[in-house]
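Chains A and B are the protein sequences, given in the same order.
Just so we're aligned: 16 in full-length UniProt numbering is position 16 of the first sequence, and the numbers increase by one with no gaps anywhere.
Just so we're aligned: 10 in full-length UniProt numbering is position 10 of the second sequence, and the numbers increase by one with no gaps anywhere.
Incorrect hints may appear among the rest.
Any copy, or any two copies together, can satisfy a pair, since identical chains are not distinguished.
Said to hold, decoys possible - Restricting the straight-line Cα-Cα distance to at most 30 Å, the calculated cross-link-like pairs of lysine-lysine (BS3-like) are:
1) LYS178 with LYS37
2) LYS209 with LYS94
3) LYS209 with LYS224
4) LYS211 with LYS94
5) LYS77 with LYS167
6) LYS139 with LYS211
7) LYS160 with LYS37
8) LYS231 with LYS178
9) LYS148 with LYS24
10) LYS224 with LYS94
11) LYS148 with LYS94
12) LYS178 with LYS160
13) LYS148 with LYS76
14) LYS77 with LYS148
15) LYS209 with LYS93
16) LYS94 with LYS164
17) LYS94 with LYS167
18) LYS167 with LYS209
19) LYS76 with LYS224
20) LYS139 with LYS24
Hints were generated in silico from the structure; no laboratory data involved.
There are 2 protein chains.
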Amino acid sequence: MQRVKCTIRYDGTNFYGFQVQPNKRTVQLEVENALQKMHNELIRIIPSGRTDTGVHAVGQVIHFDSPLTIDEKGWKKALTSLLPSDIQIVDVKKVEDSFHARYDVQQKEYRYRIHNFSERDIFRRNYVCYVPELLHIDKMEEACTYLKGTHDFTSFSSAKSTVKGDKIRTLYDVRCLKEGNDIVIRVVGSGFLYNMVRIIAGTLIEIGKGKRLPEDIQPIIEGKDRSLAGKTAPPQGLYLWHVSYNEDFTNIKYK
Amino acid sequence: MQRVKCTIRYDGTNFYGFQVQPNKRTVQLEVENALQKMHNELIRIIPSGRTDTGVHAVGQVIHFDSPLTIDEKGWKKALTSLLPSDIQIVDVKKVEDSFHARYDVQQKEYRYRIHNFSERDIFRRNYVCYVPELLHIDKMEEACTYLKGTHDFTSFSSAKSTVKGDKIRTLYDVRCLKEGNDIVIRVVGSGFLYNMVRIIAGTLIEIGKGKRLPEDIQPIIEGKDRSLAGKTAPPQGLYLWHVSYNEDFTNIKYK
Chain A
1 MQRVKCTIRY DGTNFYGFQV QPNKRTVQLE VENALQKMHN ELIRIIPSGR TDTGVHAVGQ
61 VIHFDSPLTI DEKGWKKALT SLLPSDIQIV DVKKVEDSFH ARYDVQQKEY RYRIHNFSER
121 DIFRRNYVCY VPELLHIDKM EEACTYLKGT HDFTSFSSAK STVKGDKIRT LYDVRCLKEG
181 NDIVIRVVGS GFLYNMVRII AGTLIEIGKG KRLPEDIQPI IEGKDRSLAG KTAPPQGLYL
241 WHVSYNEDFT NIKYK
Chain B
1 MQRVKCTIRY DGTNFYGFQV QPNKRTVQLE VENALQKMHN ELIRIIPSGR TDTGVHAVGQ
61 VIHFDSPLTI DEKGWKKALT SLLPSDIQIV DVKKVEDSFH ARYDVQQKEY RYRIHNFSER
121 DIFRRNYVCY VPELLHIDKM EEACTYLKGT HDFTSFSSAK STVKGDKIRT LYDVRCLKEG
181 NDIVIRVVGS GFLYNMVRII AGTLIEIGKG KRLPEDIQPI IEGKDRSLAG KTAPPQGLYL
241 WHVSYNEDFT NIKYK
C-alpha cells in the first residue's frame with residue numbers, strides 16, 4: 001500500500017460541502033467516485049478538514065492509501081481525467097505511511113474575499129461576499145492587530161460547534177489586502193474553530209462599516225460569548241487557501 | 001399600454017440560452033415569469049437578439065408592453081426582487097410605442113474573453129475560454145484589420161444558420177485587448193450572423209497559436225465557405241456587451 005498526499009482545488013458552488021452526506025453531491029463523494037473507478041473498490045480519503053456548502057478551496061489537502069503502483073504524474077493525469085470540472089488536482093505526492101492530512105497540519109491559511117463596490121457583479125456572485133457600503137479598510141486593518149496571537153476564540157466560534165477541548169487557537173497573521181474593488185482578509189493560524197473565519201470576516205465587515213470600533217475586538221474575545229461578535233459572513237467569499245505540513249513528511253517546500 | 005425598454009445582464013451558465021424552449025430554464029422564461037407575477041397574465045418580451053446556452057450578457061436589451069403605471073425606478077425595483085440571482089436589471093426606460101428592441105438595433109458589441117495561461121482557473125471555467133498555448137496577440141491584432149469593414153461573412157456563419165437574405169455585415173471595430181493573462185476580443189458591428197463572433201474568436205485563436213497567418217483571413221472571407229474558417233470557440237467566453245439604438249427613441253446617451 002502506498003500513502004498518497006493530494007492537493008486539490010474546488011469551486012464549492014455546486015457542492016454540499018466536503019464531507020459525504022446521503023443523496024448530496026459533495027467533494028468527498030466525487031473524489032472517492034474517481035478513486036473507485038481506478039480501484040474497483042472504495043478508497044476512503046481523509047482531508048485536512050471539512051469545508052461547508054459554497055466554500056471554495058485553492059489548496060485543500062487529502063490523503064488516501066492505494067495498492068496501485070502509479071507514479072506522481074500518472075496519479076495527477078488519471079485523477080484529472082476522472083474528476084468533474086469543478087475539482088482540480090493541483091499536486092500529487094507519494095508520502096510516508098505516517099503522514100496524516102488532518103493530524104499533521106501545522107498551519108492553515110484562509111482568505112475571505114469581499115467585493116466592495118456600488119454595483120453587484122453577477123458573474124462573481126458565487127465567489128465573493130458583496131458589500132455595497134464603503135468599507136474603511138484602515139479600521140479593519142487596525143482590528144486585525146487585536147485578533148492576531150493566541151486567544152480563546154469562543155466568541156468567534158459557531159454556537160452549534162461540538163468541538164471538544166478548549167477553544168484556544170493561535171492566529172499567526174491576520175490582515176486585509178486591497179485588490180481593485182475587493183478587500184481580501186487573509187488569516188493564517190494553527191487551527192480554526194467551526195465558522196471561525198466567517199465570524200471574523202462578518203465582524204471585520206461591521207467594523208469597516210463603522211458599526212463597531214477596532215478596539216471592540218478585545219472585549220469580544222474576553223467575553224467568550226458568540227453573541228458578542230458580528231454576523232457569520234456568507235460562505236461564497238471563503239477560500240481554504242493553503243495547508244502547511246512538516247516538510248519531513250512531504251518533501252515539499254512551501255512558499 | 002406603456003412600452004418599456006429594459007437593459008439586463010445575465011450569467012448564461014445555468015440557462016439553455018435566451019429563448020423559451022419546452023421544459024428548459026431560459027432567460028426569457030425567467031423574465032416572463034417575473035412579469036407574470038406582476039401582471040397575472042403573460043407579458044411577452046422581445047430581445048435585441050437571442051443568445052445561446054452558456055453565453056453571457058452584460059447589456060442585453062429587451063422590450064415589452066405593460067398596462068401598469070409604474071415609474072422607471074419602481075420597475076427596476078420590482079423586477080429585481082422577482083428575478084433570480086443570475087439575472088440583473090441594469091436599467092429601465094419608458095419608451096415610445098414605436099421602439100423595437102430588435103428592429104431598431106443600430107450596432108452591437110460583443111466581447112470574447114480568453115484566459116491565456118499555463119494553468120486553468122477553475123473559478124472562471126464558466127466565464128472564459130481557456131487556452132494554455134501562448135497566443136501571439138500581435139498576430140491576432142493584425143488579423144483583426146482584415147475582418148474590419150463590410151464583407152460577406154458566409155465563412156464566419158454557422159452552416160446550420162437558417163438566416164434568409166444576404167450575409168453581408170459591417171464590423172466597425174475588431175480588436176484584441178490584453179487584460180492581465182486574458183485576451184479580450186472586442187467586436188462592434190451592424191449585425192451578426194449565427195455563431196459569427198465565436199467563429200471569429202476560434203479563427204483568431206488559431207492565428208494566435210501560429211496555425212494560420214493573419215493574412216489568411218482575406219481568402220477565408222472571399223471563399224464564402226464555413227469550412228475555411230477556424231473552429232467555433234466555446235460559448236462561455238462570449239458576452240453580449242452592449243446594444244446601441246437611435247437616441248431619439250430612448251433618450252439615453254451611450255458611451
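Do the hints match the structure? See the list:
Proximity of LYS178 and LYS37 under a CA criterion of 30 Å is satisfied in neither setting, with 43 Å inside one chain copy and 41 Å between copies. In this homomeric assembly, LYS209 and LYS94 never come within 30 Å of each other (Cα to Cα): the closest approach is 47 Å inside a single copy and 36 Å across copies. In the homo-oligomer, the alpha carbons of LYS209 and LYS224 lie at most 30 Å apart inside one protomer (24 Å), although the nearest pairing across protomers, at 59 Å, exceeds that limit. In this assembly of identical chains, the alpha carbons of LYS211 and LYS94 never lie at most 30 Å apart, being 50 Å within a copy and 39 Å across copies at closest.
Within a single copy, LYS77 and LYS167 get their C-alpha atoms no closer than 40 Å, and across copies no closer than 45 Å, so neither meets the 30 Å cut-off. For the identical chains of this complex, LYS139 and LYS211 are intra-copy neighbours only, at 11 Å inside a copy versus 54 Å across copies, given an alpha-carbon limit of 30 Å. Within a single copy, LYS160 and LYS37 get their C-alpha atoms no closer than 37 Å, and across copies no closer than 38 Å, so neither meets the 30 Å cut-off. Proximity of LYS231 and LYS178 under a CA criterion of 30 Å is satisfied intra-copy only: 22 Å inside one chain copy versus 40 Å between copies.
Neither within a single protomer nor between protomers do LYS148 and LYS24 lie at most 30 Å apart by alpha-carbon distance, with minima of 37 Å and 50 Å respectively. Taking identical chains as interchangeable, the C-alpha atoms of LYS224 and LYS94 are never at most 30 Å apart, the minima being 42 Å within one chain and 56 Å between chains. In this assembly of identical chains, LYS148 and LYS94 lie within 30 Å of each other by CA distance neither inside one copy nor across copies; the values are 35 Å within and 54 Å between. Proximity of LYS178 and LYS160 under a CA criterion of 30 Å is satisfied in neither setting, with 32 Å inside one chain copy and 48 Å between copies.
For a Cα distance limit of 30 Å, the shortest separation of LYS148 from LYS76 qualifies neither inside one copy, at 37 Å, nor across copies, at 44 Å. When the C-alpha separation of LYS77 and LYS148 is checked against a cutoff of 30 Å, the pair qualifies neither within a copy, at 40 Å, nor between copies, at 42 Å. Taking the shortest Cα distances, LYS209 and LYS93 never come within 30 Å of each other, neither inside one copy (44 Å) nor across copies (33 Å). With identical chains, the CA atoms of LYS94 and LYS164 are never at most 30 Å apart, being 32 Å at best within one copy and 61 Å at best between copies.
In the homo-oligomer, the alpha carbons of LYS94 and LYS167 never lie at most 30 Å apart, since the shortest distance is 33 Å inside one protomer and 58 Å across protomers. With identical chains, the CA atoms of LYS167 and LYS209 are at most 30 Å apart within one copy only, with a shortest distance of 28 Å there and 55 Å across copies. In the homo-oligomer, the alpha carbons of LYS76 and LYS224 never lie at most 30 Å apart, since the shortest distance is 44 Å inside one protomer and 44 Å across protomers. Proximity of LYS139 to LYS24 under the C-alpha cut-off of 30 Å is found in neither arrangement, the shortest distances being 41 Å within a copy and 48 Å between copies.
Figure legend: structure checked against the earlier numbered hints; hints not met, in rising order: 1, 2, 4, 5, 7, 9, 10, 11, 12, 13, 14, 15, 16, 17, 19, 20.
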